[in-house]
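Given the coordinates of chain A, work out where chains B and C should sit on it, guided by the hints.
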Amino acid sequence: MINIRRLVTPELQQRYNRQGRILGLVGGVLLIIAPFLPWAYSSDALDNMTVLGYPSPLQFFGLALGVIISAFLVLQQALTQRQKKRVRVGWVPGAKAAATGALIYIALILLSIAAELGGLVNIVYGGWIALVGALLAFIGTRLIPAGRTPTLAAATAPAPLEILAIAVMMAAALFAAAFALNHDDAGSFVTFIAFVGAVVAVMIRSGVMGWLSAVSQRYRKVLIFSAFVVAFMFPFTQGGSDANMSIATQVMIFAATAMGLNIVVGLAGLLDLGYIAFLGAGAFVAAILSRSAFSTVGFHPPFIVVVLISGTVAATLGLIIGSPTLRVSGDYLAIVTLAFGEIFRISMNNLDGTDGPLLTRGSNGIPAIPDLVLFGFNFAQRHELLGIPLGRFSNYYFLLLLVLGLIILVFTRLNNSRIGRGWVAIREDEKAAEAMGVNVFGLKLFAFAGGAFLAGVAGSVKAHQDISVTPDQYVFLESAFLLAAIVLGGMGTVLGVLVGATLLKLMPEKLRFVNEYRLLIFGLLLVLMMRFRPEGLIPNQRRQLEFHEEDEELAERISEEIAETGTVKGAT
Amino acid sequence: MEFLQQLVNGLSLGALYALIAVGYTVVYGIVQLINFAHGEIFMIGGFGALAVWLLVPGESLSIWMLPIMLIGGMLAAVGVALLTERVAYRPLRNAPRLAPLITAIGVSIFLQEFVRLFFGRIPGFPDSKRAIPFPQIEYVTGEAFNIGGVTIQRAALFTLVALAICAGFLYVFVNKTRLGRAMQATSQDPDTARLMGINVDKIIMVAFALGAALAAVAGLAHGLRYTNIDFKMGFLAGLKAFTAAVLGGIGNINGAVVGGLVLGVVESMATFIPGQFGGSAWKDVWAFVLLILVLVFRPQGLLGARVVDRA
Amino acid sequence: MTTVQGTGTAALSVDGPILVAEHVTMRFGGLTAVDSVSFRVMPGEIVGLIGPNGAGKTTFFNCLTGLYLPTSGRVVFNGQVLPPKPRKVVQAGMARTFQNIRLFSNMTALENVMVGRYCRTSAGPFTSIIRGPKFRREERETRERAQQLLDFVGLGHTTDSLARNLPYGDQRRLEIARALATDPKLVLLDEPTAGMNPQETRQAEELIFKIRDQGLAVVVIEHDMRFIFNLCDRVLCLVQGKALIEGTPAEVQSDPRVIEAYIGTGPDDAAALESELEEGQPDA
Chain A
1 MINIRRLVTP ELQQRYNRQG RILGLVGGVL LIIAPFLPWA YSSDALDNMT
51 VLGYPSPLQF FGLALGVIIS AFLVLQQALT QRQKKRVRVG WVPGAKAAAT
101 GALIYIALIL LSIAAELGGL VNIVYGGWIA LVGALLAFIG TRLIPAGRTP
151 TLAAATAPAP LEILAIAVMM AAALFAAAFA LNHDDAGSFV TFIAFVGAVV
201 AVMIRSGVMG WLSAVSQRYR KVLIFSAFVV AFMFPFTQGG SDANMSIATQ
251 VMIFAATAMG LNIVVGLAGL LDLGYIAFLG AGAFVAAILS RSAFSTVGFH
301 PPFIVVVLIS GTVAATLGLI IGSPTLRVSG DYLAIVTLAF GEIFRISMNN
351 LDGTDGPLLT RGSNGIPAIP DLVLFGFNFA QRHELLGIPL GRFSNYYFLL
401 LLVLGLIILV FTRLNNSRIG RGWVAIREDE KAAEAMGVNV FGLKLFAFAG
451 GAFLAGVAGS VKAHQDISVT PDQYVFLESA FLLAAIVLGG MGTVLGVLVG
501 ATLLKLMPEK LRFVNEYRLL IFGLLLVLMM RFRPEGLIPN QRRQLEFHEE
551 DEELAERISE EIAETGTVKG AT
Chain B
1001 MEFLQQLVNG LSLGALYALI AVGYTVVYGI VQLINFAHGE IFMIGGFGAL
1051 AVWLLVPGES LSIWMLPIML IGGMLAAVGV ALLTERVAYR PLRNAPRLAP
1101 LITAIGVSIF LQEFVRLFFG RIPGFPDSKR AIPFPQIEYV TGEAFNIGGV
1151 TIQRAALFTL VALAICAGFL YVFVNKTRLG RAMQATSQDP DTARLMGINV
1201 DKIIMVAFAL GAALAAVAGL AHGLRYTNID FKMGFLAGLK AFTAAVLGGI
1251 GNINGAVVGG LVLGVVESMA TFIPGQFGGS AWKDVWAFVL LILVLVFRPQ
1301 GLLGARVVDR A
Chain C
2001 MTTVQGTGTA ALSVDGPILV AEHVTMRFGG LTAVDSVSFR VMPGEIVGLI
2051 GPNGAGKTTF FNCLTGLYLP TSGRVVFNGQ VLPPKPRKVV QAGMARTFQN
2101 IRLFSNMTAL ENVMVGRYCR TSAGPFTSII RGPKFRREER ETRERAQQLL
2151 DFVGLGHTTD SLARNLPYGD QRRLEIARAL ATDPKLVLLD EPTAGMNPQE
2201 TRQAEELIFK IRDQGLAVVV IEHDMRFIFN LCDRVLCLVQ GKALIEGTPA
2251 EVQSDPRVIE AYIGTGPDDA AALESELEEG QPDA
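From first to last, the protein sequence lines stand for chains A, B and C. With my numbering, the residue at position 51 of the first sequence is 51, and numbering never jumps. Position in the second sequence counted from 1, then plus 1000, gives you my numbering. Position in the third sequence counted from 1, then plus 2000, gives you my numbering.
Among the clues, some could well be false.
No farther apart than 27 Å at their CA atoms in a straight line, the calculated lysine-lysine pairs in the BS3-like style are these [stated by the list, open to error]:
#: 1; chain 1: C; residue 1: Lys2134; chain 2: A; residue 2: Lys221
#: 2; chain 1: B; residue 1: Lys1283; chain 2: B; residue 2: Lys1232
#: 3; chain 1: B; residue 1: Lys1232; chain 2: B; residue 2: Lys1202
#: 4; chain 1: C; residue 1: Lys2088; chain 2: A; residue 2: Lys431
#: 5; chain 1: B; residue 1: Lys1202; chain 2: B; residue 2: Lys1129
#: 6; chain 1: C; residue 1: Lys2085; chain 2: C; residue 2: Lys2242
#: 7; chain 1: C; residue 1: Lys2088; chain 2: C; residue 2: Lys2134
#: 8; chain 1: A; residue 1: Lys431; chain 2: C; residue 2: Lys2085
Derived from the structure by calculation, the hints contain no laboratory data.
With the rest of the complex left out, here is chain A:
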């Protein structure tokens, strides 16, 4: 990117503006035509791209990018010239993003075809035309001056229209999730992710994203409600198949735990490297108290009670691990939590009846945990709703959705309260916070205990869903994995952490070839994120400020935004 910026100077752009437009338009039109032509010799690669006249879904996405490029270029000419409006749309930046995205997208498709069918010869003329189109569009749009930054965020539309926009956005998200999960081959998955990335980039560059986020601020309740509805509808898109729902429930547990850790790390600013132990504690408590034949105690209360006991046990452990915060802070605390995590793992391994009291059955763990039965609803059974069958994992999915919703509710409400302000103050300057009457120790302890409670609750569900609980599921790497989700998505945000958790959990499941390199990649990811974007993909503004103490410009810009919206963004 930097090289391109250096290569295509503003002077060059001034001179070749016209030619650039024409080139871009030609490229866009080619991208529209190409999908109607065959791209591959065999239908074995990706989806069926061999037919003349009927674009396959993946080809259709290429067409969509072509339409965006052409339309943006035409609209820019047609609209901007005539009137000077206060609201500017970033037509040209949007077209540039679309063209860059299209180039990457088409290239990935051709590479996938070549890789899956064995050589570039398997690409048919339609594919080459698409590539030429994308190349032309890319070069053409690069030659056009970007113009001024879009101000679409300030625009307002009639309320029904704005609410409709939220609904459309959510529907698109649901469609994208279902589409991505239903494509099992790595090529389709990667190319689709590339397409989604391109669309998001177009939305950001053209200012649509800014507008959407402003609209979301205005209609928070609508947004939250529709997000919940979309998440609720997801199992219905799976046609009763449990394969994807099993992955989805894993993602849900991971996301719920990451959100809990987000309270500790993102809000209170305490680095907890042993957080997985709380999930484990909850899971072990639930397993031991379940009616499994391998349970080691004779007390089997109903699940509702088990949930509370799991949470309480985890919270108690949280209090114990949090108590050194009175004396220890910063890096030392992180190491204390790490040591605690190790103590937990070793203890769970040792409580097998020979090295210690019989409680967890050591490294074998507790298997054969029965499925939940809540209010007569048996989680093991298939149910039908509106003619759509929902399997075992779908049942757990709904329960986990509830748990995740609860954790998000706790997170956002705490964040926007007296307690949340106290946490920010502690993160900023602990001594000053104490001197202003903030109960620093109490708040830190509460973050530990509260976060642990939520993880314990999630763990109690996980035990039943996984059927067995073993100590090797709750090791340091899992804690680091949770931390990576938070760092990737954006500390202290809800959306960011959900995105981060989903990406980190989904990628290895869907990309088998990534699985082997999973840990290598995420180790690298932690390093690169801290180096180049410590605030995460979707940053919390306050965190962004903290990570860029010397960036005056950023501070000014965010200050203006706060003045406009009246809140510090990021907690949504």
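Below, chains B and C without anything else, positioned relative to chain A:
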């Protein structure tokens, strides 16, 4: 007698911790960074030594291989340590405290996985996804000595001797050489040191290199003592060594040595704890409990740290 | 003025001194930073604390506000011996500002002041999550009170500005507003005019009078002699950790020992002080 035996075991285990702990303490003393990846540097030291042994034809177990392996291990460890310092830590020197720590975790996982995935791919090298037998060099391994009923493994003795030599070398380096004094000055006050014309970047690199070199010695000793090495061995050893550094007072080089030895002995003595919670299954737990207790009740460590909490 | 409600009457109802420090001594190793200093502050009084550099003024402040536990001696505030915990000290009604400004720089001005309200509000985790009427009322009141205080110190227009973007002088006032938000009976200001230009200094002076007029007692550390002698009802001069003299500005100003103490620190300082003392003559 059993007590003496455990004491000896503890001291030799502690010597291993001490060698690694110096790396934590030196780096922390200068940049206030817990180099979480230091355990991995120790692991790489072991793999570097093994790689050199594998590369020299003949699979010789002669004592002359020992210095060659040591140099190989040190080169690998120091190289990787300097690379991580330059690429990962240096750009974050003015970032909030959370950033370098998270980076360190990332580096640690990356290095582990890198060795796991790629060491075995070098032609002629064994699969690194499981434990690899370490060459048992003559004289330093083999039949144990028996002095009055107390058994001393040769490799254990080697570790203790190595620690003694390294400690002597460290003492001379830190107190008698120009570079060592510059290092002390930097750890006291980096800004003033910079004004006095000390190249702080260079000192930080020296600190990383010094720690890595000692960790490589430990890596080699570990291989000899436990007869095999694996890519995961840095994690627990690193955590223990950090415990040792804290125990002795982090930032304090003498403290790291003393802390390592004390920790090793405490761990060995855990076998004397009566009931089910004694024995080797629980010794790691006791070591970590000790870490937490020290951090809570005497955060400056046994010998006193220079600065305990700048956070 | 109803801006600082309640606190005025509460402070005035106490007849005796609001703060009594008895033989406060603070040693660090071999160094005696504060040596048996006794000191009292009456309600509604402005007391100055002066002394050459290193005289132990800030250390003495830290002893009063619970940051340090004095080696010996005791501090009685409002009739109760204070525990050495800054939080409890604030709770009891003594708030402070810092010599080197310590605002929460990535929070807005309003949020900074709202943090000051922390110890006077009580919403716990459950109320915060459930958002009952009590929570909403308290949150609204906190916000309103914080805005009032911003107006009171003359920062009403900066509500949504990040603290780190505020000019230096405004940051000092914001710190004062944050301290006032804790509903104190006594405010301790550590060099409130350091780095300010004459106009800003005058504004600070007016602000401190305004705070006093609310019925609060104020203790000020300052180097600026003119400022101190114009402002204070009483002045305590510390030299090398010891209380040298305590009295009205006129008494302290005319005491030869004060000048001598400053001469001891170097001729330049003394000359500066002398000229300052002359300039600082009341009504001159």
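We went through each hint and held it up to the structure:
{"no.": "1", "hint": "C:Lys2134 <-> A:Lys221", "verdict": "22 Å, holds"}
{"no.": "2", "hint": "B:Lys1283 <-> B:Lys1232", "verdict": "19 Å, holds"}
{"no.": "3", "hint": "B:Lys1232 <-> B:Lys1202", "verdict": "31 Å, violated"}
{"no.": "4", "hint": "C:Lys2088 <-> A:Lys431", "verdict": "14 Å, holds"}
{"no.": "5", "hint": "B:Lys1202 <-> B:Lys1129", "verdict": "36 Å, violated"}
{"no.": "6", "hint": "C:Lys2085 <-> C:Lys2242", "verdict": "24 Å, holds"}
{"no.": "7", "hint": "C:Lys2088 <-> C:Lys2134", "verdict": "25 Å, holds"}
{"no.": "8", "hint": "A:Lys431 <-> C:Lys2085", "verdict": "11 Å, holds"}
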